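A.B. asks: Here is how the chains run, residue by residue.
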Amino acid sequence: MNRREFFLSGAGLMVQMQGFKPNLIVRSDGPIDLETPLSTLDKAWLTPIENHYVRCHLPTPKIDDATANSWTLTIDGEVNTPLKLTLDDLKRYREISQTVTLECSGNGRVYANPNVPGLQWEKGAVSNAKWTGVSLRDVLTKAGVKPSGKHIIMNGHDEPIGSVPDFVRSIPIEKAMHQDTLLAFKMNDVEIPLIHGRPLRLIVPGWEAASSTKWLVSIRVAPDEADNFFMKTAYRIPTYNVAPGAAVDPKDMVPYTALDVKSIFTAPNDDSKFKLGNAIELRGFAWAGEADITRVDISTDFGRTWTAADLGPEKAKYAWRRFRYSFKPPKAGFYQPLSRATDSQGRIQPVVANWNPSGYLHNVIDRVRINVES
Amino acid sequence: MLNRKFLLFGGIFLAAGLVFGQTPQAPSNAEMAKKLETTCTGYCHGPSLIAQQRLDRNGWTREIDKMIRWGAGVAPADKDLLINYLARTFSVTRPLPNSFKAVPAGKGSDVFQTYCLACHDDRLVTARRLDKAGWTRQVDDMIKLGAFVPSARKDELIDYLTTNWGR
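Those protein sequence lines, which keep their order, are chains A and B. Residue numbering for the first sequence follows my numbering, starting at 319 and increasing by one per position. Residue numbering for the second sequence follows my numbering, starting at 1163 and increasing by one per position.
Isolated chain A (complex conformation) (with noise of 0.2 Å):
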């Protein structure tokens, strides 16, 4: 079998996954790209790592045992002491976690009018998960980064086919030495699966996941942000508002960075049918970046009114919170029930989505169809 038929078999997608089955939508099985479904999502505020939403862009690296324990991260670039360090060497420096609600970019981008090519995410690109490493900060510091270095220009181990650009990214310097960035080796306290980025990833909390690199072996430390094509190109949002379908010139696009406020309903699913009588808990999630979520309202009439839901127990800095919300219809019919998020930044979902050519930050007030019967 040779790999264009092996990618056709399916059977890629088995081996690149390396035995791990999660039960996700396959948005793409070469490279790997799989969506949690809502219902998934619903079931815990930590998402387990088998639920956990996938996103690669170039096909997944083999990294067998032996290439995880002789790992190295280089660190050079505008740096007094250029470092290279096993997973030893960073298990030393003193150790943090934080519980991160990762969304892809893209993540509702299927809902783009008009369309916009790239992968047709609907909600469930996003996910929750606590990642323990340490802060990239205390590396950097060692380090010593020099006046001149502005940004840190990250790399996977992963590598394009072909013409293919690598998946290169970049952040400011100011978020790189953030506190809470951290280099993380643990996911939901066991070690990083293959997929999610073994043995050592980023974790840029707050900011859209690919920010996040996967397998990462080097960072260099540079005046500028990468010069690529993940940076100069894709991952970018207009700095106005466009019409639909415009085109945008790219001098006039900027990185997306942190996370926008947003909602999802996760229960119940699109299209469910109650009986008159019962009280149906609508519920979802709720999130906003590198800001708080101070309140979700809900609204049963179609926007005419608005009730507080209530906000679940489970907080943390750079999570989503849970919202739930007990509707007893007051008779039977169609109802359309909708999610408003408002953040710690003032910040409110829009009741209209704002296109861009990229189908990026889709964040618009989230709704749910159901059906009550006599």
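One should not assume that every hint holds.
Stated by the list, open to error - DSS-like cross-link-like pairs, simulated, lysine-lysine; straight-line CA separation at most 25 Å: (1) A/Lys591 to A/Lys361; (2) A/Lys504 to A/Lys593; (3) A/Lys504 to A/Lys361; (4) B/Lys1269 to A/Lys361; (5) B/Lys1316 to B/Lys1228; (6) A/Lys504 to A/Lys464; (7) A/Lys569 to B/Lys1316; (8) A/Lys649 to A/Lys633; (9) A/Lys550 to B/Lys1196.
Stated by the list, open to error - Sample of chain B residues facing chain A (criterion: CB under 10 Å; computed from the structure): (10) Tyr1205; (11) Cys1206; (12) His1207; (13) Leu1217; (14) Val1236; (15) Pro1238.
No wet-lab data here; the hints were simulated from the structure. On a predicted model such as this, the values are computed, not experimentally measured, just so you know. Just so you know, even glycine gets a beta-carbon here, dropped at the ideal spot from N, CA and C.
Starting from the structure of chain A, add chain B where the hints point.
C.D. replies: Below, chain B without anything else, positioned relative to chain A:
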């Protein structure tokens, strides 16, 4: 009654695509599906990345141009044929997917979700009960009418349909 309407509508929709979607001189859908598999998939990505898109001719032209820049081996004579096929098969007019509607788990469920439900509601399938020969005919008919199913996964799809909606 609802299911019959769905089936009738689906048949008319697909037949219209067959009539208006290609000229007598154009390669058949099956020939173009094979060309797509051999030209555009298997090196850098699988077919599902293509099958989920909903783009017009301009959109597919931009994507093909980008892929050529990135090293895809598209022969000049094939470029327009592929763009026409892509715009016809993975068109902007396809309905939004409804993959959050639960489908039975099992081998082949991703083929069903990616290649069947990208174009039509699951009721076109779940309303029927066919044996393996019947589902084979249905899948073949859909491919003739323009549906794209990776050739290497066709049998898997037929088995999945037979297992879940067999007779």
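A.B. asks: Just pull the numbers of the violated hints for me, sorted ascending.
C.D. replies: The structure conflicts with hints 2, 5, 6, 7, 8, 9, 14 and 15, although it agrees with all the remaining ones.
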